[in-house]
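Peer 1: Listed here are the chains, written in short residue letters.
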Amino acid sequence: MVTCEDDLIENAKHGDQEAFRHLWEAHHAIAMAAALRLCHHPGLSEEITQGAFLLAWCGLAGFKRGRPFRPWLMRILYRHALDVIEKQQTFLRPISLDELSELERQAVLNPGVGIDGDLQEQVVQREELRQALAQLNPDQRRVIALRYGADLTEADIAQVLDWHVGTVKSRLNRARERLRVLLTSERG
Amino acid sequence: MHEWKEDSRRTEQSDLEERLAAYYGPQLREQPLSSASWEYLRSQLGSQRPPKRRRMLRPRSFWRRGKPSVPEYIRETFFRIAHEARVSYPLSLLQCSYNACVPTVHVSSLGKHNIKLVLPSAAETSISQPELDVLVATGLARYLCVRNPSYFMIRFLIAIVLLLASLASIIFIIQGRLIMVFPIAIILCTLGLLHVQGRRSIFRADAQVVKWLGRERTCRGLHALADRSPSPRRGKWGEPSLAERIKRVCGTQVTIEEDRLMLVR
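Protein chains in written order, with my numbering: chain Z, 52 to 239; chain F, 175 to 439.
This is chain F alone, in the form it adopts within the complex:
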């Protein structure tokens, strides 16, 4: 009698196990979601809080408190453009400051924040998306150029030549020798070289931006930046003017190239 009860209990138990297993079903194959799901999730993510311990140990955190971090709309633009360009760089490369009439981007190969966006105050409402796209893309493209070993080597060699020539010219000036003309000429040449190299790297970066954003978007962004600028035809040392950049990106040279391609077809 006792054994019969035990058997019936065991049968009931295995029956229950089977029914529960059937209720939940077998392990399912992977269920991929659409990319829209990611976009939705991304819109919900918000900013990431840094780990507490690091925040406490960071020595500059006290005076940095209150300084603006990278705002959400620039953060979003940065990741979108990095995705379009298929490059992956951390957001920490980017730094924003707000004291300019005309938005610009500065890139350096040294330091923690290599891409520095200088934006007008209340940029979120005053700056258009094409302008921001071009600025961020230009920053990334120039950063790629700056990281290029050949660019770095040329800059390094020029810096050494400049230093030696400066030393030589000081010595010759002190000694009052006429030969001082040569080191001064070398200094002027190297400065000219730096100017040319800076301009070339910016044109190369613009070509890269066109590849990433497309010519139409790049043109719109550059035109919007030029509209803001009081003197779009004035370039800086080592930097072409906005007008020159627009001419290169949207101007006649492009049409000639396209015509040539059409003739080949």
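Isolated chain Z (complex conformation):
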């Protein structure tokens, strides 16, 4: 079935920026939310979102007609976000109180899922985890980010990172194991 979005994609493929603007308007807010959840920095998440749309624009020629646009875009976004995070080493920056309170505000707006407990205690716990994540290797960080920061299944992660599902499973298990060891040794 040919949808309106298919027409927009076809037009955008042939250089119609107005059609691409409609695609941007329909999907950028979701993409931005996903990027923000992964990197926790509003400025950087905007950069990631814009970068992902630029990549999508360049790659439209390879997009298959009739396929849904959003999963394709989100795969590009996740891959790009992980590259940017690794390049800028955002995991080395300590989490600020402002960022946490912003996340808390977001959680309040989403009833059912909230951040409970003392904010200071949460900052300490998050700092511990951030330091532990910084000690993982890049592949382990990628797989953890996609599993917990994007709620992707192992099969989806395999698609995004172009790995075998078995590789994803083993890297995820090793990353969890290493994190457990790091966090226990920190507490001990």
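Note that these hints are calculated values from the structure, not bench results.
The beta carbon of each residue, even a glycine, is placed where N, CA and C say it ideally should be.
Just some of the chain Z residues that point at chain F, by a computed CB distance under 8 Å:
{"hint": "1", "residue": "72"}
{"hint": "2", "residue": "79"}
{"hint": "3", "residue": "80"}
{"hint": "4", "residue": "104"}
Anything over 10 Å on all C-beta distances counts as not near chain Z; from chain F, calculated:
{"hint": "5", "residue": "280"}
{"hint": "6", "residue": "327"}
{"hint": "7", "residue": "394"}
{"hint": "8", "residue": "397"}
{"hint": "9", "residue": "409"}
Quick look at which bits of chain Z chain F covers, simulated, 3 or more residues with Cβ under 8 Å:
{"hint": "10", "stretch": "59–69"}
{"hint": "11", "stretch": "174–180"}
{"hint": "12", "stretch": "199–213"}
{"hint": "13", "stretch": "225–233"}
Knowing the structure of chain Z, use the given hints to seat chain F on it.
Peer 2: Just chain F, lined up with the frame of chain Z:
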């Protein structure tokens, strides 16, 4: 002992899962960006490469190679005006050529490129933005007129009448009959009709351009085009002169209409 170890491992695992989930936080609601973000992204987009397979299969690609495509500044103007006019047409409608002293726009209802901009060479530096805005908007407005079914039907009927009258006049001339005067008169009338219809459609398109760009912008663009033209008062067949168009768009008729509106208030 073994069971205790397993339990502690499971607790640690669920604790880690919870901490990781808390670290990344819950799914966030949509985070809309400002329109300035789109403008910034748009400035970065550049041209789109056509799909490779199509490029290989296109039969005319060989001799077309090297011919100028639509340049970026015209592309940008086209999309901006289409956005202001709230019409969405593909860029493929537009074609540019560079061999004119005075920039003009030609519109046809047939063919692949329906709006043809004829610009002076080195147009990017020599043509002003109001001129380009008016040209592109006029092209789009005329294309809308041309696509109108009533316009098409009238043109079609006139063409049939013209054809029949021409045939009849040829036959009567060959036979040497005096009745040939009638088909010739019909031909002249239909040509006159075509002339009038062409002029009316251009005036209608100008009114549309005023709606889209505003009177001030349209006036500035038309004046800039007239300044360039060596004979702005000379019209073509089926087309009013620039001076006439300026008079209609910026001239006294508009003032009278505005005065009338003021009196009503």
